[in-house]
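Protein sequences, first through last, are from chains D and P. With this note's numbering as the guide, the letters of the first sequence map in order to residues 1 to 345. With this note's numbering as the guide, the letters of the second sequence map in order to residues 1001 to 1345.
Hint data in this document are derived by calculation from the structure and do not stem from the laboratory. Values in this document were obtained by computation on a predicted structure and should not be read as measured data. All residues carry an ideal CB built from backbone N, CA and C; glycine is no exception. Just so you know, not all the hints are guaranteed correct.
Chain P is faced by these chain D residues, among others (derived, beta-carbon under 8 Å) [as the list claims (entries may be wrong)]: (1) Tyr37; (2) Ala39; (3) Lys167; (4) Gly172; (5) Ala293.
2 protein chains.
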Amino acid sequence: MKPANMNDRFLRACRREPVDRTPIWMMRQAGRYMSEYRALRAKHSMLTLCKSPELACQVTLQPIVHGVDAAILFADILLPLEPMGAPFEFAKGEGPVVHEPVTDRAGVDRLRIFEAEEGLGYVLDAIKLVRKELNGKVPLIGFAGAPFTLASYLIEGGKSAHYIKTKKMMYGDPAAWKLLMEKLSEVTRRYLRAQITAGAQAVQLFDSWIGQLSPLDYAEFVLPHVQYILKDIETTGVPVIHFGTGTSTLLQLQKQAGGTVIGVDWRMSLTDAAKLVPGVALQGNLDPLLLFAPQDVMKKRAAIVIDEGKQLPGHIFNLGHGILPETPVENVKALVDFVHEYSAR
Amino acid sequence: MKPANMNDRFLRACRREPVDRTPIWMMRQAGRYMSEYRALRAKHSMLTLCKSPELACQVTLQPIVHGVDAAILFADILLPLEPMGAPFEFAKGEGPVVHEPVTDRAGVDRLRIFEAEEGLGYVLDAIKLVRKELNGKVPLIGFAGAPFTLASYLIEGGKSAHYIKTKKMMYGDPAAWKLLMEKLSEVTRRYLRAQITAGAQAVQLFDSWIGQLSPLDYAEFVLPHVQYILKDIETTGVPVIHFGTGTSTLLQLQKQAGGTVIGVDWRMSLTDAAKLVPGVALQGNLDPLLLFAPQDVMKKRAAIVIDEGKQLPGHIFNLGHGILPETPVENVKALVDFVHEYSAR
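Generate the whole structure from the sequences, applying the supplied hints.
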């Protein structure tokens, strides 16, 4: 029997039910801004942390001390690339490097669809362990990268400024692109289902770089594939957060693709976002850079987000993107406390 | 007496007057994608090209062969930093490096306001030379960087991923920020006025990185300063293009700040942009990556931009951002021809 959740604020907000306080968690809440995390990273590589369920569990639990209303599994969106046949590493200071980028149809043909239980069993084990350790204290969020964002790493071989190779394939070889997106979608769908079976109580789909696309390109080259994933995951009844950045002109299409909750960054107010995608819960949207501001400035801006969020059918407080490594840890703690205090008024 | 323009399509579109064909020019149309430019850069540094009126003139004229309807002066938005007291260089493969970044109030205090005729006389000389060489063939556009974008380079010391130091000053020392923006605005205002006096027939204000800001931050920390520049330049009667990227949620505020023409990137359709900022001419908005697509795909997308543009009071065809160095030159030529042919139908 799974333990009951003592704190179900986050899940209630996802389901658009009343909450006593606005729930808050933060993308990359387990990360380099915490000395406990840096201590572990001094001993282990990023991939070792991800692949060792005990270590991944330990990192996942680190930010709970800040009082956040959900844990998010410590993992990386690129983990599925290795069992697909495209291994990568995190090069020092350079981010991920895919050893053999996918440059053409033949490369796409070589990619394998796999069962998460086989290729990513260590993630599922970590989920089980975290659920046990959390013992219902807060819910656990699982996650995966969305097909476009994963494709951009696969094709470019790492981070990219302009996505030249990605868009070249998208525009120049639409059949190869479609096959690539279908493979990534099927892998992601199975992976998210397996995470839910293992115990994830909500999942987030990260389409972090989708804001590089025009609405026309999103509709043609991405939407059907994200929809394939999300419409299936929605049938599990587990809340799905659909997240991207720079998405002000994509929100309506993203909602069409699916998601119980839509993520919004700081470029658009929650109120304006709600006009575009009414009736859905929203997650966001403080600029992560406000964690570098004096606390009174940070709180003033957080109050606006909370006030706007209270007018929505459901609101989960979050940043518009991940916490940066240089962030002062005391401001993270102060933000969590403020969101709880201010929203209870 | 200044020569009459034989091709005034661009200026007519800026003024929202009827045109025989949609005018087109492209940001960074003089640049590394052209072998003629690479040949010059093999012999001279970027700053040498900028600071030598004859060379700057030569580079400015290079893309005229493609049939574009305007020339844009070859220069760099950072040139004013040196006479302000913050010299920089273009480091190989790394972009601009400001030798002593402005990190605090004392650094802001040290920045000088200067007369363009003294500090940037070489730019004004280049303008005069280009006007003479063009002899009215197409109009010449001058330009400057906008205060936020310039401030980000000054404070970060170069390009930035997250603008941590910039936003830290903005949120943490609003008085220093205000003084910095006032100094940059005054320098930019004088610089644009001097360019117009020297012969620029239109000017573009590049606020390239403004899309990093929330609408709240733009309104509080940037808008008054851009407005100070643009409201003054508008009184000259010379068209002003107000440009940024990632600005879907800032367009209305940008229009409030000023500009005869508003630049739009590919993230929002021209039709949707016109709903937000009706009555103004728009410039844009093809994704520069479509220049890497097969020509039939590129033309299909360009046709959509042209068709939408024809419904506007004024439309100047451009990319949503600059031409990338890797762009196939034959596609640039093909795009110019297509825009002229298709829009004449």
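Results for each hint:
Given hint, Tyr37 (chain D) at the interface with chain P, is violated; its Cβ is 19 Å from that chain's nearest Cβ, farther than 8 Å. Nearest Cβ of chain P to the Cβ of Ala39 (chain D): about 23 Å, over the 8 Å cut. The hint is violated. Because the beta carbon of Lys167 (chain D) sits about 4 Å from the nearest beta carbon in chain P, less than 8 Å, this interface hint is met. Because the beta carbon of Gly172 (chain D) sits about 6 Å from the nearest beta carbon in chain P, less than 8 Å, this interface hint is met.
The interface hint given for Ala293 (chain D) is met, as the beta carbon of that residue sits about 3 Å from the closest beta carbon of chain P, less than 8 Å.
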